[in-house]
Amino acid sequence: KGRRRVCDHYIHVQCAEYLKKNKETRCPACGVPFNTIKKMPDLIKDGREWFTVVDADCSGNLTQEEIEAGMGAVLPMDRVKLRKAIDMNWADWDPDGDGTIDLNEFLRDGKGLREFILRNLSALSKDNMVARPQDVPQLDSHPLEWFEFWDQDGSGTLEKMEIIRAMIKSFCVNTNGEPLVKPAHDMRKIAALIWHDMGYHEFDSLSFTEFHRPHGFADTIVHNWVNGQFFGEDEEAKME
-9 KGRRRVCDHY IHVQCAEYLK KNKETRCPAC GVPFNTIKKM PDLIKDGREW
41 FTVVDADCSG NLTQEEIEAG MGAVLPMDRV KLRKAIDMNW ADWDPDGDGT
91 IDLNEFLRDG KGLREFILRN LSALSKDNMV ARPQDVPQLD SHPLEWFEFW
141 DQDGSGTLEK MEIIRAMIKS FCVNTNGEPL VKPAHDMRKI AALIWHDMGY
191 HEFDSLSFTE FHRPHGFADT IVHNWVNGQF FGEDEEAKME
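Using my numbering, the first residue of the sequence shown is number -9, and each one after it goes up by one.
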């Protein structure tokens, strides 16, 4: 611990601070306990520190998986384009062919990974990563369009964490698309509980048909969260 990562997951810094403040110091993705919060360094201003943080296993080298996770966590990048770019350019980034990228290779002039990212950021970007709430299709009225909007890799399925992130970005943000920490925290808990109660396993993925079946995940979320936003406060007011 200390400077060592306790797991390889990333979380929005305000959400992490909220968890720590409320003494819920476990990773929302895997449940591993954590002690401190480390904000991701700016890749442009401090490439060396960014490399150190993304090096999840503290090996001194970055794997393809670590690079994809680190870049995807902090930059508005299309994961499909990102994976293709990694595959196509790996030989240039890894000139010694050992299967990983060390710090010198990462910072190398001309053909290093850091320079590639800075040169190609706009080409890798995807609009729906920073979408405003008004740009997101309505889940209750346009479920297929909503599902396809968040199916970022075009696989035709959504995994557990993809669905939870989509729910948060659809229902727990302000008009500028910035997260509302308390509602986002509650949504994460509710969505994870529903996932478990419906018998899905951690690494299952849902097709649209399964996601939108009667009394399925979408129906349950809309009933328990979306409609609850309109009726829950009145019920509490009556009890007061």
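These aren't lab readings, by the way, just hints derived from the structure by calculation. Take the hints with a grain of salt, since some may be wrong.
Ranges between beta-carbon positions, derived for each pair [stated by the list, open to error]:
#, residue 1, residue 2, range
1, Leu97, Glu135, 39 to 45 Å
2, Leu97, Gln124, 17 to 23 Å
3, Thr199, Lys10, 19 to 25 Å
4, Asn164, Ala81, 42 to 48 Å
5, Lys35, Glu138, 20 to 26 Å
6, Gln128, Leu108, 34 to 40 Å
7, His191, Asp88, 32 to 38 Å
8, Asn166, Ala63, 33 to 39 Å
9, Glu138, Arg73, 31 to 37 Å
10, Thr26, Leu97, 25 to 31 Å
11, His191, Gln128, 44 to 50 Å
12, Ser197, Val70, 17 to 23 Å
13, His186, Cys(-3), 37 to 43 Å
Values in this document were obtained by computation on a predicted structure and should not be read as measured data. Even glycine gets a Cβ: it sits at the ideal position worked out from N, Cα and C.
Evaluation of the provided hints:
1. Leu97 with Glu135: 39 to 45 Å: About 42 Å separates the Cβ atoms of Leu97 and Glu135, which means 39 to 45 Å holds.
2. Leu97 with Gln124: 17 to 23 Å: Violated, at about 41 Å.
3. Thr199 with Lys10: 19 to 25 Å: Since Thr199 and Lys10 have Cβ atoms about 39 Å apart, the given range 19 to 25 Å is violated.
4. Asn164 with Ala81: 42 to 48 Å: Once the Cβ atoms are compared, 44 Å apart, the range 42 to 48 Å for Ala81 and Asn164 holds.
5. Lys35 with Glu138: 20 to 26 Å: 36 Å, violated
6. Gln128 with Leu108: 34 to 40 Å: The hint (34 to 40 Å, Cβ to Cβ) holds, given that Gln128 and Leu108 are roughly 37 Å apart.
7. His191 with Asp88: 32 to 38 Å: 35 Å, holds
8. Asn166 with Ala63: 33 to 39 Å: Distance hint for Asn166, Ala63 is violated at roughly 20 Å.
9. Glu138 with Arg73: 31 to 37 Å: Given a distance of about 19 Å, which is not inside 31 to 37 Å, the answer is violated.
10. Thr26 with Leu97: 25 to 31 Å: The hinted range 25 to 31 Å holds for Thr26 and Leu97, with Cβ atoms some 26 Å apart.
11. His191 with Gln128: 44 to 50 Å: Given range 44 to 50 Å: violated, Cβ gap about 29 Å.
12. Ser197 with Val70: 17 to 23 Å: At 18 Å between Cβs, range holds.
13. His186 with Cys(-3): 37 to 43 Å: 20 Å, violated
Hint compliance for this structure: hints 2, 3, 5, 8, 9, 11 and 13 are not met, and every other hint is.
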